[in-house]
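J.: For reference, the chains in residue letters:
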Amino acid sequence: MMNKSALVIGGGIAGIQASLDLANRGVKTYLVEKSPSIGGRMAQLDKTFPTMDCSICILAPKMIECFRHRNIDLLTYSEVKEVQGSAGDFTVKVVKKPRYVQADKCVGCGTCADHCPVEVPNEFDSGMGVRKAIYLPFPQAVPRVYTVDKDHCLDCGLCKSVCTAKAVDLEQEPAELELHVGGIVVATGFDVYEPLRITSYGYGKYKNVITSLQLERMLSASGPSGGRIMRPSDGRIPRTVAFLQCVGSRDQRFGYPYCSSICCKYAVKDAVLIREHRPDSEVYIFYIDLRVFGKGFQEFANRAKKEFGVKFIRSSPGEIREDPETRDLTLWYEDTLTRTVKSLKVDLVVLSTALMPRSDSAELAKILGIDTDRFGFLIPPDSVGHPVDTQIAGIVGCGYCLGPRTGDIPDSVMQASAAAARLSEILMSGSL
Amino acid sequence: MDENVKYALYLGCLIPARELSYELATRKVMPALGVGLVDMEGTSCCGPFAIQSLDYTGWLALAARNLCIAEKMSLDIMALCNDCYESLMMVNQTLKREEETRDRVNEILSVAHKKFKGTVNVKHTMDVLCDDVGLDKIRSKVTNPLNGLRVATQVGCHLVRPKMLHAGVGRGFEVLDDLVEALGAEAVDYDDKEICCGGPLRDIDDQLSRSLSNRKLAALKRANVDCVVTACPFCYIQFDLGQLEIKSLLREEYDIPVLHFVELLSFAMGMKPEGPQLREHRVSIDRIVRKLT
Amino acid sequence: MTSSETDLQFILSQIHARARDPGFMHEVANTVRGEGVLSCIQCGRCAGSCPVGRLTVKYNPRRLVEMVNLGFKWEALFELSWLCLSCFTCIDRCPQGADVGEVVFALRSIAARDGNIPKGALAMAKSLVETGRIVNPTTSVTKQRASLGLPPCETVPEVAKIARKTGFSKILGLQ
Amino acid sequence: MTILEEPRIGVFVCHCGINIGGVVNVPDVVEYAKTLPNVVWAEGNLYTCSEAGLSSIKDSIKKNGLNRVVVASCTPRTHEPLFRSTCEEAGLNKYLFEMANIREQCSWVHSHQPEEATMKARDIVRMAAARARWLEPQDEPEVDVSDSAMVIGAGISGLTAAVTLANQGFKVHLVEKDPQLGGITRRLGKIYPTLQDSSEIIDPLIKTATSNKNIEIYTSATLKDISGYVGNFKVALKKGAEDVKLDVGTIVIASGALNYEPPKGSFQYRVLDKVVTQLQLEEMLAHGKLAEPERILMIQCVGSRIGEVWTYELSDMTQSFAARLLSKILGAKKEEGWPYCSKICCMNAIKNAIRIKELWPKAHVDILFSDLRTYKEYEDFYRRARRLEVKFIRYIREIPPGIVEAPDNKLKVTVYDTLAGVETEFLCDLVALSTPLCPSKEDVMLARMLKVPLGPDGFFMEAHPKLRPVDCQSDGIFIAGTACGPKDIPESIISAKAAAARASILMANKKLKAEALTADVNTDLCIGCGLCEELCPYGAHKIEKGKSTTIAALCRGCGVCAADCPRRAITMRHYGDRQILAQVEAMMAQ
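Residue numbers (my numbering), protein chains in the order written: chain G, 29 to 460; chain S, 410 to 702; chain U, 20 to 194; chain R, -11 to 578.
These aren't lab readings, by the way, just hints derived from the structure by calculation.
Quick list of simulated restraints, FRET-style, between CB atoms:
#1 R:Glu103 <-> G:Gly263: 23 to 33 Å
#2 G:Gly458 <-> R:Pro167: 33 to 43 Å
#3 R:Arg375 <-> G:Ser371: 32 to 42 Å
#4 S:Gly527 <-> U:Asp133: 28 to 38 Å
#5 S:Ala627 <-> G:Asp308: 29 to 39 Å
#6 R:Leu569 <-> G:Glu304: 31 to 41 Å
Stretch by stretch, here's where chain S covers chain U in the computed footprint (C-beta under 8 Å, at least three residues):
#7 107 to 119
#8 122 to 129
#9 139 to 148
Taking lysine-lysine pairs in the DSSO-like style, the calculated list, with each CA pair at most 27 Å apart, reads:
#10 R:Lys159 <-> G:Lys32
#11 G:Lys339 <-> G:Lys370
#12 U:Lys77 <-> S:Lys602
#13 U:Lys184 <-> S:Lys526
Where is the CB? At the ideal position from N, CA and C, for every residue including glycine.
So here's chain G without its partners, still in its complex pose (with noise of 0.2 Å):
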């Protein structure tokens, strides 16, 4: 007899769209999510290509619908320890890490964080803004319960003492739950490469030399400036911005050979973006191939291009200089179509860096009992057949867990409800 409820690990968009279109379905749907809120890395987005929504605009709306629904249990802050069992029925630990706050209690004020003392580089901003050691990701995080940070929290019991709702609790434990499910939905997303590997690019040596994950955040208007593009070194706004592709993907050296498939789109809107804060702002775009590939994109490039003026050079560039006083850079580069090297002098530099796996993808992978491929994505034994079918019955994935083999939102959206439906079928007829 199939248990006809779910699991779902990972509550980014994937697992946002996989837990509703079960629950809807009328599949009982526990949402396990790592971080304190729900979201994941489009939350971070500040808007989505090409319609140019604001991306958690049309984001959170469907984060509090799962926080409503009657057939979703919303886990946050918890992860999965041991998986056991077959298609229909499998047991599955979860551990609730310790908030230090009750989240029955806590009406999400912000009066702790205003009296924490203690502030610690906000990994939502990846690594750019701050926040106190007893937080809120971001304003719209669902739930909306703080979260106390102990290994920068010293324990002085201010936020204990300023609370109205006594939600905070500075003793509590970890609690381990059992659940019983049919089947499970992986959708734990990625990471983003660091390239310091790169030297001769001097990410984390030049400081405007920046990642375009810390751009998404600068750009965003709940991020660290508010909505403002500006230079680390020295809070200006740059007037010329270069972005360069493919750091870290198509690279067989210091990072990943496969394409992460994204960031010629986003390095488009992007550069689109900046033109329109500052319209006499100079955006060049270092490319090896455009790859604008899917519905819109194209023409949404040919825009950029002719409408925004943003500057396109086939090219890699070789190094970036910076100038000890100004902190300018200059880039050194090849432009392949005229063959001819040149050097250009630029405010920022936006690296696009590569999608990789989780870097806890592998130990989840083995607690699953699924293979990863050599980089450490989910990989389903027929890619092409069976898209998101792990090698274990009743395991499916979607969302960029699976690696390059997903696109962008569009795509991982359609693979949680691939994803959904395969499950449905398991569940609802025992058709393996």
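Chain G is fixed; fit chains S, U and R onto it per the hints.
T.: Same frame as chain G, but now just chains S, U and R:
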């Protein structure tokens, strides 16, 4: 450090023929730092780039022959020249790695009654100074600290880059800076520091070769340094002799003294330069010597 | 850096199609150190790094590979490959491990095999085979060495034997 | 329209942390709200949407006998459903809830003018309360959803969608215009990147579909008419000679796409017989109709990415070259084709190149590309081709390759390689043009029949390109596979399964609540002029017995009919004139 480190001294052909200053300084300094040097009998040229390019197997055999001599002495090789180092090191690693190449080369070496076994390693003088001697010991041996001396360094590509490729490890271009600072001098950064001196194009496209060194010298001038030190005899010639050529052909005058690092080290250790050493420098180093002694 | 007048002339000279050897890519790819030509995706990181490329458009490592793959043997062998410094910067930075710096060695060895060696390189090579050294001390230096008690630089006949055996002598046109 | 019972309005003003409270003086707004007509309760909440805030609303409904609720906080777009269901939980009809947006429309945009912002917040709350007085309970009409689906098209996507639905126990009618199943996939010999036979994928699928008792297959069938609405579509089709009528709850469009045929003469296509499309080459390979070639040359982006001028490339070129270029551009006649990137052509070309290289290692294969888009893990595929010595040459549109006949029936192709800056010639046995997938003309008819829109690129348009990639704007209709735009096989399968998932949700729930916000016809006033039927973009109005009626399930509440009815016989539920006027009057009042 181990008190009786010994190395087979591989001079190559450029140094003993043109740069006695480097050889003499090395022969004085290394023992003083507790590094024994033993001369190698009957070594030939290492088979540098020009040759490597023309006949791959020939290059392997040529370098292997020199390695065999060190194997007989059962001593690791210390090479003074970046090209020698690069050439010997790459061949040593290739032959240790690829069996059937090794057999092919040994077959050729039979005409010289030699056989490559792969029992020794190849090091550059700078490696010996950093690994075996160590910066601390060098500091302790400095009797005449070079305080206030602004020194630019030219490491030379083949000391750094092949190592990164073949051994996967290796010091970056900062290796000489560390050593120079150990002598109390100031290591000055300058544009195009990591760029080639242009030496390899000598005799193939002199004009290009010159414009490269010219470019670097201009950068050195901008950084206004007292002198530039090198770890490679080719970079040395390119800068030292090069300044004369550039002066006459491009009408650019720089007058930047060029020294082998080991020379600078010897001064810091209170040793006086000998006659030939001074005469050899086409750009006079008197200024530096006076400053230091 | 903008193209100088001579460079412009050079570009124009390239625009006319020349006789090509369609098998050249294959030949280079199967020569020692030449495999790189098949890994290249023409991203241009090497050209953006090459010290020579910054001074002249006569040498462009990326374009060199493209010319090889198109089969333009003549350009590849005669004009381009000898301008490489072998400073290995391109190898250091190539994201594909295409190692143009290595490919150059393959090209030169092919050129040498066909007896095309620039004067400078040829002189060095001959001196090496005949004396075992590329640079030989002048008589005054020899004296000086003796007076300073430095070991003499004797010639090494074994090198000639080896060179004969590998066929290097023949390449150099020595008996 | 009259107020049924004396309204008892409760106003809940949200601080939203500092988002509102940091600018607007919330306590002041609360006190002000208390002074408004029919407001019997007003309070401030730190976060009205938090569990605390919500329970306070529920308590207050009971304690103070509220029969109208106003929440002054953020946007209804994200939070109205939340507050509505809260009211319902407290036994209050959800249409008696009204929302006032004092964040997006007030505190956020006036963050530097606290006083003015507070005044504006007062106005917004006053207007909301005024409207609340006139709110009426509404019940949402329930529609039965038939648990059978129609899938249009039996290619890889249609088959996948059908099987996925049938496996969940739904009845599926699979309609295919061709005599046999399998669509374009059958024409492919091999599939990238695995290079397995396409039959390995398609045959088992056809077998399961034909053997599944839940699937009714109609081949050589043509759709005649589709009417009705979500849950209750009525389909008329012709299968050969016989007429078939179907009642289905949902529809999946899997009509696929065509392979673009270049016009006669473009790249000498249909002028020289040795110029073929990539698909034709594929078939030649599949059926062993290709003799060992010396050289085959492939040209990418033929008929796709039209209208792209790479001016940035022209800018820096040497004068003499630019001149030659100009002549070419002026000489070249207007390209025909599509503006989008078909995204699968690069991999297809590489696939065939690899096959040729494996069959005849001596043969040369050159691929002329403009950007090589081997996205995702297909980069490995590209690398594999390079290792097999397939040559990739970057050409540009402005200098299209010239093709002429050459002796011993070869073709001479002249190409300008931008990466080498060299123009060169190739003698080849065959030239293959990589043409895009493009929408078929029949899609226009189909779209009209289904009353769903096509996008600017001619493919079916999804409800939202990011978050609803397989839904149509009209409920109950879903898009699978290449009908929505170029896709390769895994992507088609995924989208088909996704479409099935979305359709299954509707059918599994059997019933569907329609929005109460619909047109309401006053039959006493209606003269049956039919203007509403004509204007309604959703076909929600029908004239029956001389009077207009509304099909609630189709009505989107857009209000076009109400605005244009000459007799003012139509009003919109929940947005009646009185309710709107009350708001306007409240705005004017001080």
